[in-house]
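> Read off the chains here:
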Amino acid sequence: MATAQKAIWFQSSREQLDAVLLEVCDEVQLTPTRYELAVDRYGTVNEILEKPGSPFQFLRPRIFPQGSMALGTTCKPVVGPHDLDFVLQIDAPQWSWHPLAGLSALYEFLASNETYRKMISLKNRVVRLTYADEFYMDILPAYTDRSSGGTCILVPDRARVSLRPSNPEGFILWFRNKCLTRTRSLMEKAKPVPAQEAVREKEPLQLAVQLLKRWRDLAFADECLAPISVVVTTLAGMYYDGEDSVSEALTTILAGVVNAIALADLQGMRITVRNPSNLLEDFGERWDANPEAYNEFKTGIRTLQKEWAVITAGGRETNKELERLFGEYVRTALVKQTLRLQEARKAGALAVGSTGAITGLANGVTRIRPNVFHGDE
Amino acid sequence: MRSRFPQFRRTTNRGDRIKWLGTLQPSPRSDLYEVEISYNIPYRPHIEVVTPRLATWAKLKKQPHTFRDGSLCVHQAHEWHGNKLIADTIIPWICVWLAFYETWLETGCWLGEGTHPDLPEHSPFGALGRAAA
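Protein chains in written order, with this note's numbering: chain A, 1 to 377; chain B, 1001 to 1133.
It is worth saying that the hints were derived from the structure and are not from the lab. Source: prediction; values computed, not measured. A couple of the hints might just be wrong.
Said to hold, decoys possible - Calculated cross-link-like contacts (lysine to any residue; reagent style SDA-like; alpha-carbon spacing at most 20 Å):
{"no.": "1", "chain 1": "B", "residue 1": "1062", "chain 2": "A", "residue 2": "346"}
{"no.": "2", "chain 1": "A", "residue 1": "346", "chain 2": "B", "residue 2": "1122"}
{"no.": "3", "chain 1": "A", "residue 1": "320", "chain 2": "B", "residue 2": "1102"}
{"no.": "4", "chain 1": "B", "residue 1": "1084", "chain 2": "A", "residue 2": "317"}
{"no.": "5", "chain 1": "A", "residue 1": "320", "chain 2": "B", "residue 2": "1113"}
{"no.": "6", "chain 1": "A", "residue 1": "320", "chain 2": "B", "residue 2": "1105"}
{"no.": "7", "chain 1": "B", "residue 1": "1084", "chain 2": "A", "residue 2": "371"}
{"no.": "8", "chain 1": "B", "residue 1": "1084", "chain 2": "A", "residue 2": "348"}
{"no.": "9", "chain 1": "B", "residue 1": "1059", "chain 2": "A", "residue 2": "317"}
{"no.": "10", "chain 1": "B", "residue 1": "1062", "chain 2": "A", "residue 2": "317"}
{"no.": "11", "chain 1": "A", "residue 1": "336", "chain 2": "B", "residue 2": "1125"}
{"no.": "12", "chain 1": "A", "residue 1": "336", "chain 2": "B", "residue 2": "1113"}
{"no.": "13", "chain 1": "A", "residue 1": "298", "chain 2": "A", "residue 2": "264"}
Bound conformation, chain B alone (with noise of 0.2 Å):
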């Protein structure tokens, strides 16, 4: 983690849990979001963005591909396991998220695909209608 992204600090280290805190920019124009990740051995890594709140479009609840708690879900449950380096995997999904997450929000176009196509938030016609795109 070091290596790949220096400014992410281990904020927790007790035995089977780690915690990481640190910052994202996925474009020179994106917001600086600050990112808590949390390990607990062998469950799937919780992603929190700590800072700025994340928003919604219009009036949608949720945004996208999120867990009720409000927390990423940037995989499906096949796609990690404990083998897999979270700077490897976990934090670049995060990067391309919080892209998508950007044009949605201003757009309410979810131009990332994934599962549950159906939902209105994952809509990628958002306000320009589905017409128009």
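The following block holds chain A by itself, in its conformation from the complex (with noise of 0.2 Å):
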């Protein structure tokens, strides 16, 4: 896990780095007022679909988080409400005579609910639930998948009137393990709501996929061009390698990314970001049906490189680049940071370096004495 402290003076320009980083995520996540809230509804839902009455009653019903909020990388949309997804399993083969009958049932059956029925819309694979709060849930309902085996499952894709094979906890498996290959190669078993880890306890593949997020949101107006967050996931999973510093992961992602569309151009192709645990998902489908999407992508992220690579160089201009790559949350980072050098300051704590560096107090180090900064008025 990230462990770093909320240090004060820093050793290296990574170390200094870092620290804003991991403030910028701090603002970004959800809150855990908000998360807990999440979890409270997602409960609730639960409950209503396994009471009888229930069209899922005697189906096993079994509701769990995929995406941001099960691998522990939510950030906050710029605007407008912050979306959950919650998968509603079911193991119902006799349903699988047609595509859509679980999402019309759990649609119908939501629509009916007192509570539920002004919040509902049915979307391309998902039943959505508009909580007034700026919040939404998506509930997408899928079979269990049997010739798979696993942990595979179906769901249901209005657009094409079909099933569509995907994995999404096979998929948070993949994602924590990579997280691990930092310190450790242990499987851990996707467990129903993990608690949201507090920023310093996350890893630094999660805190990347985060700020990448973070830019993604800002750098792309149209959303219809953005690429979606399990592409963003996925790719950074794939080219993290097990580094102990955020700011390094993402450079290696950075390059393991535009190496790999290099190579793609050079074949004429895009790049293939499959579900690692289910080939047969490819989550880049989207790019077929909107190449310009690819391109803005493509762009998008060899800039994001470029940008990255003047930013770890380092120096106190690269602030503002930070500040435009991930936004406001920059400044806020810097003020805390300051704002903990100042106590530190008043607790008679701090001293310089031969350099002029600030930092804690030792031998061969210049104590910083009291002072009251003045000037004219």
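Each of the two chains sits in its own frame; use the hints to bring them together as a complex.
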């Protein structure tokens, strides 16, 4: 886990950059209160689906989080409601005679419920519950995929009127395992809803995904051209190489993606972004229908790599670049860091080294004595 | 001075007037500042950031805690006298001033406190606004 303490002074440029990025991720993710609210709401829906009268009552319904909530990579949208994704898995081979049967049953059942009637809408693959407080829950009804086995499922697609292969639980396991390549390679069973980790307990890969999603949200004004979250997450997981530092993780991931794009370009193809836990599922398939989005992604990620190289090179000016990439949270991060510095100064806990670098009290450094800044009125 | 901050060189030494020129970098991602300290005995040392040229946040006309000539004011009059070593006092104070200055330049928040808190350049809230802060 990323266990970096909230540092006041730094030994290296990388350490200092990582500290700013950690603060940005702190600001970007769902607040603990809203996280708990989401867990409560999903629990309530789960209870209703299991109760007598539910068409799912005898189909062993199991609702579980997928996407950012399960992966620990939530990222507040710049505008609009925060979407949280859940899967409703049912064991109903007899229903697969029609690919949209589960979706229709879920929609009709929840639409008949007093509470959900006014909040419900039907999307291509999911039933959406829109809550008044800038928050919506997408529920994806899915059948157990007995032919593929394991945690594979089949999910409805209204546009294609077909069932599509998927494996969100397998994806969660793959991602969590990728996160752990830094220190260990234990497989961890997906839990119903993992308690949200504090940013300082997160793995560098999780933080890198949060930052890439934040960049995506700010860089792509047209949502139709923006890469979807699962593509960003999969690419990050594919190219992460166990770095201890979030800034180094981003450098490696960006290099991996840019190289893959160059290779695919040589072959006249787009990059392949398959679900590592179900190779039948191609997360990049939207690009086939929208080549402009793929071109925008290529341009965007190449530009990001260049800008990122400037930022990692250091210098005060690069804070502006950081702010351009990740937004106003960079300012908040700098303020928080500087407030900690001031507290340490007041406590008489600061010194300077021979280069002028602010540090803690130790042998061979010069203690910063109490002073009050003054000047002309 | 030489033992604590070896990068500082004496550029003038005329009995009652000494000047040092050297570089300071308050954090690894900070700029490298070239600073000149002029000490006319027994007056307070005059501190000037030579490069990079000091900038201001938004439309403010001056940096926090500076004199009209742009030099830094890192202490009150009673906090320093000729018996105190510049290397023990003035230079560490410059370093923290520079650290606070860098955040101020990005955010408009002066977080190092000091005198005249009502001056616009000394606001701890800056771009974040009083309510948000």
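> Each hint should be assessed against the structure and marked as holding or not.
For each hint, the structure was consulted:
1. B:1062 with A:346: The hint is violated at about 25 Å.
2. A:346 with B:1122: The hint holds at about 18 Å.
3. A:320 with B:1102: holds (11 Å)
4. B:1084 with A:317: violated (35 Å)
5. A:320 with B:1113: violated (24 Å)
6. A:320 with B:1105: holds (10 Å)
7. B:1084 with A:371: holds (13 Å)
8. B:1084 with A:348: holds (18 Å)
9. B:1059 with A:317: holds (18 Å)
10. B:1062 with A:317: Status holds; Cα separation ~19 Å.
11. A:336 with B:1125: holds (12 Å)
12. A:336 with B:1113: holds (15 Å)
13. A:298 with A:264: holds (11 Å)
Of the numbered hints given earlier, the model fails hints 1, 4 and 5; all others are met.
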